[in-house]
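Enquirer: Chain residues, written in single-letter form:
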Amino acid sequence: MRNSLWRTGAVFTLAAVTLAACAGQSSTNDTGASSGGSDTIKVGILHSLSGTMAISEVTVRDAELLAIDEINAAGGVLGKKLEPVVEDGASDWPTFAEKATKLIAQDKVATVFGGWTSASRKAMLPVFEKRKALLWYPVQYEGLESSPYIFYTGATTNQQIVPGLDYLKEKGKKRLFLVGSDYVFPRTANKIIKAYAAANGMEILGEEYTPLGHTEYSTLVNKIVEAKPDAVFNTLNGDSNVAFFKQLKSTGISADQMPVMSVSVAEEEVRGIGVDNVAGHLVAWNYYQTTDTPANQKFVAAFKAKYGADKVTSDPMEAGYNAVYLWAEAVKKAGTTDVEAVKKAAGGVSLDRPEGKVTIDGDNQHVYKTARIGVVQPDGQIKEVWNSGEPIKPDPYLKTYSWAGGLV
Amino acid sequence: MTAPAVSVRRWQGPAAFAAVFSAVAVLALVAAPLLLEPFRLGLLAKYLCYAIVALGIGLAWGQGGMLTLGQGVFFGLGGYAMGMYLKLNDAAGDLPDFMVWSGVEKLPALWKPFGNPVFALAMVVVLPVAVALLLGTLVFRQRVRGAYFAILTQALAAALVILLVGQQGLTGGTNGLTNFFDFFGRDVAADETQRGLYLLVAIVLGALYLGARQLVRSRFGRLLLAVRDGEDRVRFLGYDPATVKTLTFAVSAGMAGIAGALFVPVVGIISPALLGVVPSLELVVAVAVGGRFALAGAVLGAVVMGYARTYFSEELPDAWLYLQGALFVLVMTLAPSGIAGLAANLVRRREART
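Going down the list, the protein sequences come from chains A and B.
So for the first sequence, the numbering used here puts the first residue at 1; every next one is plus one.
So for the second sequence, the numbering used here puts the first residue at 1; every next one is plus one.
It is possible that part of the hints are untrue.
Quick list of in silico lysine-lysine cross-link-like pairs, DSBU-like style, CA-CA up to 35 Å [said to hold, decoys possible]:
#1 A:K399 - B:K46
#2 B:K112 - A:K191
#3 A:K298 - B:K46
#4 A:K191 - A:K333
#5 B:K106 - A:K191
#6 B:K112 - A:K343
Some chain A residues well away from chain B (every beta-carbon gap over 10 Å; in silico) [unchecked claim]:
#7 A90
#8 Y183
#9 E203
#10 E329
#11 Y368
#12 Q377
#13 E384
Keep in mind the hints are simulated off the structure, nothing from the lab.
C-beta atoms are modelled at their ideal positions from N, C-alpha and C, and glycine is treated no differently.
Please work from the sequences and hints to get the whole structure.
Expert: Listed below in structure tokens is the structure:
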């Protein structure tokens, strides 16, 4: 009998949960419908807060929330405060599409800041295009895309990978080995690298892919050691870098003898890999925590003040932080949050950001960015050893590069 | 564990069943499309797609005792068959977009027949059923069962994911297939199309449920229960348990295939993330929550867990996974035979009292 009492209790609990759920549901609907006339502007933030990508994407969300706080503290946009609606993409591409639909259709947000992996962007793209809503995507990616409803505030290939190759060529590193995670970014990046190598007298000694999350690298590192390349071009993502760099270090080959050029290893990842394993190796980005601009000193200080003195800032975080400011600036210029008006106003918007001057290219909705090559330091920071001197015009389809003719 | 199948049957008298089923049908086919906004209706359509898979799991696991941890495989085969057709239809003679950026220059031979809608729709059922028949024949003839069968199905799901991810030019890799425009002459994203799809999913689910119920109540169904509870005895009686299990497994695979095909136009994407080990396990969890010994429990579990996932993740984006887990633990502790078992208990006690 006691047992059955328990069970009756459980039924009531379940019923109560369901009722509460329904009530909560209808109340969200109400606020969603009435957002038009209120004194806040809703903006969506859609990153993975759970799953394998959470470790990276949570930092971007934090940077975007910081930007929203700062803009609100300075009076908001068009006299209204920004109200973030945060959703979890859960490292799952269909969930990104579902949550994007929710933010647009139900919360009626003015714009969405979100995504990290190319797969999540590709899953969200049809949602934004069909509903004519705006997405600001803050991470470097493989290019060959230019959706009219996406703004890309991270680097495209000619602002990161091509400068990285130029740097290796300049240093006389002509024989490369390519290592990457098995998904669209590394595969497309390597396709571009091979075309570049063919046109610049460089030799590709090997091209290896491992699944995302792979952690067994002894075979692959042996292959690299046998091939004896001048340098390794690394497009591994996430945890795999830890195992890869550890294994590489155990062979005793130094970063001077065979540097690894990484395009997905930033300050946050350096901490995860362990600085001993990765110190001395090269990275290619557009921003480092050490980048010396007044805007960056402010950004780093504000981020540490809000989230803790031990936090680091990285390129994707800065690109997310910029995205909020660039959107706000375009809205001010347009005088409205209407998507078409904001798109029109965004072209040519130019701001001094932590990475230096960034300007939106109205044609492809990418951003002019300064390319920077850095070396990982023993203290976990990255020291810039080369930069492009001025912001590079984004060219997602590499139309201005003769060697890239066969790619698209 | 003893199954409360008998008690469930008692409150499922033909008249009572007809009344409950019609009420649910009216709710699903009339009330829901009228009351829910298009976005919520789309989500409900998604839960119902999962409910179709759950129905198959309820049949194989609840009735047949075959714990299948790889239903995502069949869901994926159906989904990819549909996705390939939609992709080719949108491309209208050109290469699908992902092949262009993956460096594929000629349409692979594997894709060519999927340009034909009749072939693609047939494959939605034929492929999963064929794989299940093959696997079932190999495995059940060898009298592999219990945990070994579960592990095998799980391994199959893991292998399929690796295969799909590794063949980016052929399958879209991690991204999967997405960005569909046309669904048999209609704009797939339009509200009317989505409402029509919802009704289609609901009707298919209803029809499959009635079919599965009929199957369970037939002689074959009794044999299936007997195999679950005493396989060796059934064999000594002169029946062939392997055939019974293989056929049931194939039916559940066919259901998952149909669900996958419906899922693609409803949600707009099919990717390896949807058919790996984790989503396959989530569906088994949903069936356990709903109650695996009753087919209606499996359906209910998929809808409840789907709704809980959406609700928790919208309200608490930082902590929703804990709540989702807590819900599972709560139900399993308080009601080991799930929500349906709980309901059956209540009804039985009321009957005992009157």
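Enquirer: Within a Cα-Cα threshold of 35 Å, do K106 of chain B and K191 of chain A meet the stated pairing?
Expert: It holds: about 17 Å lies between the C-alpha atoms, which stays within 35 Å.
Enquirer: Taken at face value, is the distance from the CA of K343 of chain A to the CA of K112 of chain B at most 35 Å?
Expert: With Cα atoms ~40 Å apart, K112 of chain B and K343 of chain A exceed 35 Å; violated.
Enquirer: Take the C-alpha atoms of K112 of chain B and K191 of chain A, compute the straight-line distance between them, and say whether it is at most 35 Å.
Expert: Holds - the C-alpha atoms of K191 of chain A and K112 of chain B are around 26 Å apart, at most 35 Å.
Enquirer: Is E203 of chain A truly not at the interface, in the sense that its beta carbon sits beyond 10 Å from all beta carbons of chain B?
Expert: holds (20 Å)
Enquirer: Quick check for students: does the CB of E329 of chain A sit more than 10 Å from each CB in chain B?
Expert: Check passes; 27 Å lies beyond 10 Å.
Enquirer: Beyond 10 Å from every chain B Cβ: check whether that's true for A90 of chain A.
Expert: violated (7 Å)
Enquirer: CA of K298 of chain A to CA of K46 of chain B, is that 35 Å or under?
Expert: violated (46 Å)
Enquirer: Checking one constraint from the list: CA of K191 of chain A to CA of K333 of chain A, max 35 Å. Satisfied?
Expert: Distance of about 39 Å is beyond 35 Å: violated.
Enquirer: Check whether the Cα positions of K399 of chain A and K46 of chain B lie no farther apart than 35 Å.
Expert: violated (41 Å)
Enquirer: Measuring Cβ to Cβ, find out whether Y368 of chain A lies farther than 10 Å from everything in chain B.
Expert: holds (24 Å)
Enquirer: Does the no-contact call for Y183 of chain A survive, Cβ to all of chain B over 10 Å?
Expert: Non-interface label fails for Y183 of chain A: nearest chain B Cβ at 4 Å, not farther than 10 Å.
Enquirer: Could you let me know if the closest chain B CB is still more than 10 Å away from the CB of Q377 of chain A?
Expert: holds (33 Å)
Of the numbered hints listed earlier, those contradicted by the structure are 1, 3, 4, 6, 7 and 8.
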